[in-house]
Amino acid sequence: QKEVEQNSGPLSVPEGAIASLNCTYSDRGSQSFFWYRQYSGKSPELIMFIYSNGDKEDGRFTAQLNKASQYVSLLIRDSQPSDSATYLCAVDKLIFGTGTRLQVFP
Amino acid sequence: DTGVSQDPRHKITKRGQNVTFRCDPISEHNRLYWYRQTLGQGPEFLTYFQNEAQLEKSRLLSDRFSAERPKGSFSTLEIQRTEQGDSAMYLCANSQQGFAGELFFGEGSRLTVL
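In order, the protein sequences belong to chains A and B. Quick note: the first sequence uses the numbering used here, first residue 353, plus one each step. Quick note: the second sequence uses the numbering used here, first residue 6, plus one each step.
If you're looking for bench data, these hints aren't it; they were derived computationally from the structure. All figures in this text were calculated on a predicted structure; none of them were measured in a lab. Careful, some of the hints might be misleading.
[Claimed, not checked] Reference excerpt, derived from the structure (chain A facing chain B, CB under 8 Å, subset only): (1) S360; (2) S384; (3) F401; (4) T450; (5) V456.
Glycine is no exception: its CB is placed at the ideal position from the N, C-alpha and C atoms.
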């Protein structure tokens, strides 16, 4: 069983819509959760981190964590074509999921 | 530019040859990681150093792979007797001790094994 699972996508949303990206993890003892963005041909860069149950907002991005369900999500409001990238979920010892490719079309 | 540099950026080699990659980290970041990434996959953890000490190594890592970080500065990743399955992007990343979650990645070293 994979430790971190994501739908590979692509997830296609129109410009201005909310993009919802989801991630589940297998280790119930996981404590810290991260979302990285990776543009094609580039290295990953950190967008958000969350440690506690609930929501954490930063600009257009909101991370949501539900430890009971072992589920973490990333919402991107007012999606822009420049948000088109692969979004990687990572936990604790920085074990990454396979990533979800997001496409935002004008 | 994250301040993490990797060399070489591209390496093409024949099966069976040895290759070595180098990572020069951000000087004040004492944690250094090596990952491998193939197309359509997330980065796969290989190994991790805190200063010069190698604290963790993936159990999936073949003994053909070895990493060093002498004096806690730059790091090298060597792959011996390369196989075609070793073809991938090898990423080096740094983090600060106080906040282990934010990784600063280098541009990566792409390996092609013919």
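Here is what the structure says about each hint:
Hint status for A:S360: holds, given a least beta-carbon distance of 7 Å to chain B, under 8 Å. Checking A:S384 against chain B by beta carbon gives a least distance of about 6 Å; that is within 8 Å, so the hint holds. Against a cut-off of 8 Å between C-beta atoms, the interface hint on A:F401 holds, since the closest Cβ of chain B lies about 5 Å away. Checking A:T450 against chain B: minimum C-beta separation of about 5 Å stays under 8 Å; hint holds.
For A:V456, the suggested interface contact is broken, since its CB lies about 20 Å from the closest CB of chain B, more than 8 Å.
In this structure, the one hint that does not hold is number 5.
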